[in-house]
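Trainee: Sequence:
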Amino acid sequence: MMILQLNVNLQSIDSLLAIIFLILGLILVFYGRKLVKIVTFIVGGIVGAILIYEYIIPWLKISEPFNYIIALLGFIISGVLAIALIHLLGAAIAGYLAYRFVNPYFQDWMLPLIIAVIAFVVVLILFNKLLSIGTAVLGAILVSYSINIFISLGITVSFIIIIVLAIVGAYYQLKH
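If you read the sequence shown in this note's numbering, its first letter stands for residue 1, the second for the next number, and so on.
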């Protein structure tokens with residue numbers, strides 16, 4: 001009896017996760033770039049506000065309400081900086097990965113470095129477009145996965161769902 005109840009609870013958890021994945025997947029498909037930027041702003045802002053409140057405000061020896069105003073300004077400035085830095089961080093990661101990938105195929109380090117710089121520049125320039133495409137693909141995978149929790153679609157149908165949703169989502173994000 002206890003085992004049966006445990007199985008029912010696990011099935012309901014799977015169903016709940018599938019619904020959550022479906023909703024998150026659709027949000028990522030159509031609004032992924034905006035969602036990433038919102039989350040980046042909030043996380044960067046919180047980190048900045050905490051750092052200012054914990055380290056800068058005690059050093060400045062100011063009291064309420066000015067400490068909250070300065071922390072709020074720190075939140076806004078840090079959030080904007082986080083959004084700006086995510087472009088740079090994405091480009092740096094792409095350059096590093098390009099260097100690590102091509103380096104074993106060359107005798108010296110100069111050509112891999114040139115390829116890494118090119119990858120850095122391309123990703124820096126195309127970051128928003130790549131982020132739109134990447135979040136659309138990730139969201140499409142989540143949607144397909146969540147549908148497969150309810151109904152086994154098979155690899156071909158799942159792949160078609162991923163491709164169609166990724167194309168539609170990327171197109172929508174790139175146009176808006």
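Think of the hints as simulated: they come from the structure by calculation, not from any bench. Backbone N, C-alpha and C define an ideal beta-carbon position, used for all residues, glycine too. Please note that the accuracy of each hint is not assured.
Claimed, not checked - No farther apart than 30 Å at their CA atoms in a straight line, the calculated lysine-lysine pairs in the DSS-like style are these:
| id | residue 1 | residue 2 |
| --- | --- | --- |
| 1 | Lys37 | Lys175 |
| 2 | Lys34 | Lys175 |
| 3 | Lys61 | Lys129 |
| 4 | Lys37 | Lys129 |
| 5 | Lys34 | Lys129 |
As the list claims (entries may be wrong) - Simulated restraints, written as ranges between beta carbons of each label pair:
| id | residue 1 | residue 2 | range |
| --- | --- | --- | --- |
| 6 | Ile69 | Ser12 | 43 to 51 Å |
| 7 | Ile114 | Ile167 | 52 to 60 Å |
| 8 | Ile160 | Val102 | 30 to 38 Å |
| 9 | Met110 | Ala84 | 24 to 32 Å |
| 10 | Val157 | Ile20 | 27 to 35 Å |
| 11 | Ile125 | Ile38 | 36 to 44 Å |
| 12 | Asp108 | Ile149 | 45 to 53 Å |
| 13 | Ile160 | Val43 | 42 to 50 Å |
Trainee: Decide, hint by hint, whether the structure agrees.
Mentor: Comparing the hints with the structure gives:
1. Lys37 x Lys175: With Cα atoms ~17 Å apart, lysine 37 and lysine 175 stay inside 30 Å; holds.
2. Lys34 x Lys175: holds, 13 Å
3. Lys61 x Lys129: The hint is violated at about 45 Å.
4. Lys37 x Lys129: Holds - the C-alpha atoms of lysine 129 and lysine 37 are around 13 Å apart, at most 30 Å.
5. Lys34 x Lys129: holds, 12 Å
6. Ile69 x Ser12: 43 to 51 Å: About 47 Å separates the Cβ atoms of isoleucine 69 and serine 12, which means 43 to 51 Å holds.
7. Ile114 x Ile167: 52 to 60 Å: Once the Cβ atoms are compared, 33 Å apart, the range 52 to 60 Å for isoleucine 167 and isoleucine 114 is violated.
8. Ile160 x Val102: 30 to 38 Å: At roughly 33 Å between Cβ atoms, valine 102 and isoleucine 160 fall inside 30 to 38 Å, so the hint holds.
9. Met110 x Ala84: 24 to 32 Å: Once the Cβ atoms are compared, 30 Å apart, the range 24 to 32 Å for alanine 84 and methionine 110 holds.
10. Val157 x Ile20: 27 to 35 Å: violated, 22 Å
11. Ile125 x Ile38: 36 to 44 Å: Taking Cβ atoms as reference, isoleucine 125 and isoleucine 38 lie about 23 Å apart, which means the hint is violated.
12. Asp108 x Ile149: 45 to 53 Å: holds, 50 Å
13. Ile160 x Val43: 42 to 50 Å: Distance hint for isoleucine 160, valine 43 is violated at roughly 35 Å.
Figure legend: structure checked against the earlier numbered hints; hints not met, in rising order: 3, 7, 10, 11, 13.
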